[in-house]
Structures are given as C-alpha cells and as structure tokens.
Amino acid sequence: MKTNPGNSFEDFRLGQRIRHATPRTVTAADAALYTALYGSRFAVQSSDAFARRIGYPQSPLDDWLVFHVVFGKTVPDISLNAVANLGYADGRVLKPVFPGATLTAVSEVIGLKESSNGKTGVVYVRSTGFDETGEAVLTYCRWVLVHKRDAAAKVPEEHVPDLPKVVNPQELGAACPALDHAAYDAELAGSPYRFGDYQAGERIDHVDGMTVEEAEHQLATRLYQNTAKVHFDQHAAAQGRFQRRLIYGGHVISLARALSFNGLANAFHVAAINGGRHVAPLFAGDTVYAWSEILDRAELPGRSDVGALRLRTVATKNRPCGDFPYKTGDEFDPAVILDLDSWVLMPR
Amino acid sequence: MKTNPGNSFEDFRLGQRIRHATPRTVTAADAALYTALYGSRFAVQSSDAFARRIGYPQSPLDDWLVFHVVFGKTVPDISLNAVANLGYADGRVLKPVFPGATLTAVSEVIGLKESSNGKTGVVYVRSTGFDETGEAVLTYCRWVLVHKRDAAAKVPEEHVPDLPKVVNPQELGAACPALDHAAYDAELAGSPYRFGDYQAGERIDHVDGMTVEEAEHQLATRLYQNTAKVHFDQHAAAQGRFQRRLIYGGHVISLARALSFNGLANAFHVAAINGGRHVAPLFAGDTVYAWSEILDRAELPGRSDVGALRLRTVATKNRPCGDFPYKTGDEFDPAVILDLDSWVLMPR
Amino acid sequence: MKTNPGNSFEDFRLGQRIRHATPRTVTAADAALYTALYGSRFAVQSSDAFARRIGYPQSPLDDWLVFHVVFGKTVPDISLNAVANLGYADGRVLKPVFPGATLTAVSEVIGLKESSNGKTGVVYVRSTGFDETGEAVLTYCRWVLVHKRDAAAKVPEEHVPDLPKVVNPQELGAACPALDHAAYDAELAGSPYRFGDYQAGERIDHVDGMTVEEAEHQLATRLYQNTAKVHFDQHAAAQGRFQRRLIYGGHVISLARALSFNGLANAFHVAAINGGRHVAPLFAGDTVYAWSEILDRAELPGRSDVGALRLRTVATKNRPCGDFPYKTGDEFDPAVILDLDSWVLMPR
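Chains as they are written, first to last, in the working numbering: chain C, 197 to 544; chain R, 197 to 544; chain D, 197 to 544.
No wet-lab data here; the hints were simulated from the structure. Just so you know, not all the hints are guaranteed correct.
Since the list gives no way to pick out one identical chain from another, each pair is judged satisfied if it fits inside one copy or across any two copies.
Here are the simulated BS3-like cross-link-like pairs (lysine-lysine), alpha carbons at most 30 Å apart as the crow flies [unchecked claim]: (1) K315 <-> K291; (2) K291 <-> K344; (3) K523 <-> K350; (4) K523 <-> K198; (5) K309 <-> K291; (6) K291 <-> K350; (7) K523 <-> K344; (8) K291 <-> K523; (9) K198 <-> K361.
Here the structure is a predicted model, which is why all the values come from computation and not from measurement.
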C-alpha cells in the first residue's frame, strides 16, 4: 500500500529516530497569515523597524508559528492514529527563525508505556525542528495516546521518561539576541509594563474574546501542513464522538497567546514550554477567552537586557475570565480548554 | 491594571497627541491577502510589470489596505469604547506605500463635544500614518461617539472643528508619481474608459454582488490588527443589540471599491476621502452590492497624466443597485449601508 | 455602458484573439495562501532548500495555482455568461513559474458550435498564460456552453476542433529542469515510491477527506481574480437552480491534487492536462475525497531523471473512495464530482 496508514503503538521502538517529511520554507507570507488568523500584535514580530532598533536583523517569525510548522511535520508519523495528545514538556526555542528559513523535523522515541487495557499505549517523543543550515531552532517533548493495531501485539521495551516540570531559567534566551533594551519603545509596543513590573502570584485577565470559525482553523492547520483528519473531515466526524471537527489544539494556544497581548504586551518572546494540556476540545462557533498567572520570575545568567516570566495561561470557551476560572480541587472548571505553562521574555 | 480599558470621553483633551502602538511592516503578503479577501483587480496594484511600465518602481499597496492598517492602530486608543463611528473627512493619501514599509500612526484630538444627555460625547481626531522614514503616508479626520465613564465628569474644553466638505483638487496626487499615460495599457487594465470619458452626473451600477462570511471579515480585521471586540466576540455579541458580530465598516469600503472595478477599472488610485458614513451595519451572510455617481471632475495642477473623479459610492446589502438606491428626502434607502465620497485618479 | 456584460455566443468569431485583463504578479504569498487553502505537501513546491538541491533555482509555484491565475483572467471575456464549463484538453505546462513573475493571458477562439435549440452554443478556446518576459508558461483548451443574447442571431462560421485525447509524452517536461534525481531525498519527500514503482492499472485511494467552507472557496477564487458571480453572490444564488453558491471547479481540482499526496507524494509536477470534466457541483459543507488510477506510464525522450504517469483522478463528495467509485456503464456514480486525466512527473 502506497498510502500512509500512520504508526500504531506497536510500530514504535525506544530510541527510534524518525526523520519527518515535507520540508517547508517559511516566509513573510506565513507571518501575515498568522496575523490574519490570530490578530497578534507583539511589536517585535510585527515590525521589522522595531525589531532592528533593538538588535534583531529583522522581525523573527512568531515562536508559536515555528512550533506549529514543526509540530505539523510530526503528525503523519507520530499522531495520525492518536487517541489524544496528552502533554508537552521541556520545550525550548533555540534560535530565532526569520522569513526564508526552511524547516525540517526529527523525532526520537523517548518513552513507551502500554495501557492496562492492552488496546492503546502512550508514546513519548522528543521532536526537534531544524533550519536549512542544520541548526536546531526548537525542541520539545510530547506524549500521545496511540491505538494498537493488534491488542495481542507484544511491546518489547517500556520506559517512562523523567521529564523536567520546568525548564531551567539557565537554558532560556538561546533564541533571543542581546537586545538594546533602552531602544525598546514601550509606547510603540503598547504597554509601559516591563519585567520589573510583574510579581509572582499576579493574575491578569486578558479581557477580549475571539470566536473561531471552521474556515479559520482549517486554513491555519493546513498552513502548518498538519494532516490530522479530525480537523478537516466533517463527513467522518459526523459519525464520531463529537459529530464535529475538532480544532487543532495549537490553534487555541495561538489564540490565547494573541489575547495575552492585553496585559502582557512586552512579553515579546516565548522562550520555553514547561508543560501544557488540552483540557477539553474547542469547536467552531465557540469563543475563546484567556487569563494568565505569573508563576515565577527569573533573571537570565549574564543578561541585563531581558528577564523571564513563568506564566500559567488558561484558555476557556464561552466564558469570560474576569474571575480566573481554573480548578476546583483536581477538577478543571468545565469551561477550561487549555492549561499552558511557559516562560516568556520581557525587556528589563 | 495592566490591560487596556480604552479611553472614555472625559479622558480626551483638545490638542492631545496620541502615538499609537503596534508598528506594522506591510509586505506583498498583505497585498495577496487583500486580493483574496476582496478580489481586487486594479492593474497597478496587481502587477509589478504594469506598475513599472507607467512609472512606479513596483506595485504600490492598495490605498484602502494602507488606510485599514493605519486605522487599526488607532482603535485601542480612540474607539475601543466607541458607540459609533460617525464620519470621515479630509482624508488624503500622501505617499505611495510599497511592500516592506513599516507603518505607525499618530492621532491628534481636534474636537470634543459632549452629548446633551451627558452620557456620551463626540471625539474628533486627525489620524496620520507614517512610514519608517518618518514621512506621512496618509492622513484623515474621523469622529466617533464615545461613552463617558462618569456622567458627572466635567469636560474642560469643547470645540467642533470646521472640516472641509471636499478635499481641494489642488491637494490631490501627492501619492501618485508622474505617469507615462501613453504606456498605460487599457486592454490589460480591463477598460477603454479614461478620465475624459466620464461626466459629472453619470451613474454606474457595479453589477456584481459579494456575500461576506464571518471568517472573511475576521481574517481581514485581524490582518489590520484592529481589536474592536464587536467584530470578534460572538459570545458577548449574543447578549447585545444585534445578537451578531458587526463587520468592520472598512471591510464594506474595500468590498465596494473592489466591486467598482466593473465600470471604473482605470480608477487606479484613491487619492482622497471627502467624507463617509456607515449608514447601517453589515452582518455575515449578507451580500454587498455597490454603485457610484461621478459628482465632479477635476484636472490636477500641472499634471497632464492623470485627472481626478469625485465619486459618491453607495453600498447596499441584499439589494442589487440597477436602480441606484440612495435616499428618499433625508432618509436613506433601508438597504444602504455605506455612503462614501472620494476622489480617485484616472489616466487621461 | 461602462460595465462588462460579458460575451454572448454570437459575439465570438472563429480565430478571434482575446488579450485578457488584469496582469498579476504572483509571489511567495500566493504559495503560502495556496498551502493554507489546500494543505499541499509536495516537497518541491514547499521547500526552497529541497528544490535547490535537485536543480531548481528555488521552489516553483504549484502548477495548479498557475493554472487558476491564468484561468481567472479568461473568465470575464469567455465564461461570464457560461451555462457550464464542459471540458479541458491539451493542457501543457511550459515553463516553471517562480515567485515574482507577472502573469497575463490570451485566448484564441478555436471552435464554435451552436446548440440545436438555438439558445446557446459551445465556444472552444485555447488559452495561454505568459510571464513578464513574454514566454508562455501554460496552455490549454477548454470549451464552455454560453448563452446567446438573441436566439435569432446567425452564427457565421462553425467549427469543432479536433483535440488530442492525450498529450503526447514527447511534449512533456518543458517546465521541468534537468534534475539530479540522486539528490532527491525520498524520506523528506514523504514516500519511497518512485516512477518505477507504479504500474498501469494500479488504483490508489487517497484516503483523506476535506470539508470545504464558503469562506475558503471564496478566498481562493478571489485570489485567482476569477469573477464568475455564481461563486460569490448568495443573494442571487438563492433564486437560482441550486439556491447555493457554486464552488469553482478548480478548487476541487486543487483539493484532489493535495489529497493525492497520500499515495503519490513524489508526483511533484503536473506536466499536462489530457482532459477533465466537472461531473457535478460541489457546495460548501461537502467533504471531498479522491482516488487515482495509473492509466499509463511513459519515459520522456532523452531524460533519465524523471518519468511520466498518466493519472485518472476522481473526486467525490461525501463518499470515501476505498472502493474507487466511478461509472456504471456510461453513468457516473452520483457521488463523483470530478473526472480528471493528467500527466504527472516523478523522479526515476
């Protein structure tokens, strides 16, 4: 058979290295589409002139755009038969990506754990994106629940990797050049609040809501060449559990990030993903809101230009976030769809 | 509070100068998205080869695209709490904008007038867009009805500016280089009719209709980084007056402009906005039609290459314009959504 | 009247040459939008680095994108009053098109045949796209059923052209540079199957389905500056035969082509269109599936780098293609919407 059936749980091997298909040259057009899809307003990514003034050669592409393109490549090999995308850890942005770069991706299987029912298993991978020079631009771990083709199949070797709960601040900033933070024009950037103005424990309602249409998430997900059929095939979805197309979880992340401009306008760079969970699915017609909590603050070794804020960003559907909905005990508020833990950089 | 609450009427001061956030580098990708959103076919903006042949260094960006990007920047400061966008005057395109330019915007408060009920007020601003060299590319006045936070608040100084009803033809053409109009290929441009072929009083039905989808106006409005929440948040809109998201008025202007190609194919440049009024709201699912009347013709001082036509362009929803629907007495036809008065340039 | 009424059957003359309006500079932004609209993953068009490695100067634009842009230009003159687009023949891609090229189009009337009822007639044209150097990039024949304005009008000269059923393999490859097929990285391209691995008679279900939204086909069709009003005007369509907007047939072709990656990932270039028929209309909300049959294989004279596969690609709506739905006798399966016969190139 010449078509791709995707991998089942028993097809993966610990230590296996998968070089993914479809290299992709990303351009200023991807940046413009990203703006049209999410309305992102961070000045560094929006303006070449602004970026140059503080020390970039030009505007870098949005960090999540780079993530989505790399992620998309991994789908046909890793998650075509996935039941669920369970989590992320140890994500680090390693190099700024500028228009014209060509991205490729490689994944390594770092963990395998069969489910007790024998019908599925969890596959842990570390995926890394590279540019055309062969340098890594992004790396992250994720784990997915994958079907077994044959419940009787034996799984040779199991291992659950020990992943860090939080990326060490020492490792942040690799993708951020030394900046002239005096040249950072806060008025143009949209907010006077810099690194020093945020406190651990502070919570920020991002106020605005964004309703998602089918055409929008399909355009986005195809732009990333993500082929997971749950996002595109209404004819099949109509017979499924939700009767609806599921919106790519990364679309929610980018919406929450764009909404977070209102309150975090100077958080110009996502440096690391500590963890993330797609708590509930989003469907077209739903309206996404978000809020963030500052979990921690960190200075970066040897850098007086930028500091790092550790954020919990929570996105909800059809529920404004003025009262910061999250969990009651271990139970998520039913409106919560995303719980994301990241490090962002801000000028000092 | 670190989020932007927007300005209320009593926050504005006569003479106040507001430097708006989010500089934006506009590229050929914005031009392509603009084509995808409206189907614009004016040859000068569509073809570098055509533009070069007549004297441009390359295709300039569409004048309304530049307007929308500049307008978008003003929203968080001027109209986040607006009840209504009341009008435009004295809009002039001052310099062609080419892909790669970075646009910023500044507004000056030129008028303030409290409403008699004391709950709202009209704010008049002159907004000007600049490129990365600091040169102005576009300037226009608009006035918006804005809520007061506190009905009891005193407004120190009132003033209603005296704005021109029509931009003086002497001021037109600043954004249009000297053209070789003999090199203007009318067949490629799509119409044999030039400046000399149009008469004041002539009315043109633009024939075609365009139905608007939610995804389309949202993509457009985000591309312009316009954050007015009425365009994006269905959850909030469901509780509002219309129960629907409102389509950005500028989206209607661009649709009418694109439709006007059929009958005005050689009106390659919008040189000035004399006035404009969004007569009624447009919603997704509605179909836009348009017609134009030539209100005046003007030669431009010292220019034998191009002449100016003053147009009234009327857009309707769900009503073809073969009989030129407009007003009965002072009352607009119920189908009319836009009444726009502009100067366009045509080769002679 | 200054608006374009389109041509009726009696307006065409055998041998007539029509130079179409609206030259269009195509850029990397059109390529990105094309990816967002269809999710295309062919490595040559997706990655500049991949394309360069095998012998292109950079990624060429997708062949069907070029087709749609050229086709769009012909609509206002050829098919604005068309009842139906009946078929294609002898389509050949003549030169690769790279971002920055400006495309124009010319059509020649090569056949005219009045219908027996005297109310319509078939117009046969050869349309050719040119770049800004004046070189032809694409040529194809199509025939459309067009209304007569006046049933009594006489048609001076009738002729039905003799069009080839299949493009001669000798004529293929003009748009494909000599490639270093050893440098073709099949893993990156997404499939190990090359020219030698496909047999005539082989059938491939492309598995995946793609649901189409109104916003998507409108964005695409406007991107191509195709003005046929059946695609855009719901107000008019509501009174018509289908009560719906019709989706541009080329949108279906591009969806089928993108879906065909799953099974034909190395078919990197569409070299010729032997024939094509839009069997039934597609509407928003429908899900498109596709399958292909290898009709023939051909070596290209003097070329050891690439070989040609002749494909029948069948697209359906709301019906997966695991059992290869096509015809019963002369009758198409009711789910079939496209029957396309093309030559594609693959590395050897």
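Evaluation of the provided hints:
When the C-alpha separation of K315 and K291 is checked against a cutoff of 30 Å, the pair qualifies neither within a copy, at 39 Å, nor between copies, at 52 Å. Proximity of K291 to K344 under the C-alpha cut-off of 30 Å is found in neither arrangement, the shortest distances being 37 Å within a copy and 47 Å between copies. In this homomeric assembly, K523 and K350 never come within 30 Å of each other (Cα to Cα): the closest approach is 38 Å inside a single copy and 44 Å across copies. Taking the closest pair of Cα atoms, K523 and K198 come within 30 Å of each other only across two copies (24 Å); inside a single copy the shortest separation is 47 Å, beyond that limit.
In the homo-oligomer, the alpha carbons of K309 and K291 never lie at most 30 Å apart, since the shortest distance is 32 Å inside one protomer and 52 Å across protomers. In this homomeric assembly, K291 and K350 never come within 30 Å of each other (Cα to Cα): the closest approach is 40 Å inside a single copy and 53 Å across copies. Neither within a single protomer nor between protomers do K523 and K344 lie at most 30 Å apart by alpha-carbon distance, with minima of 33 Å and 37 Å respectively. Taking CA atoms no more than 30 Å apart as the test, K291 paired with K523 passes in neither setting, with 35 Å inside one copy and 54 Å between copies.
For the identical chains of this complex, K198 and K361 are inter-copy neighbours only, at 28 Å across copies versus 41 Å inside a copy, given an alpha-carbon limit of 30 Å.
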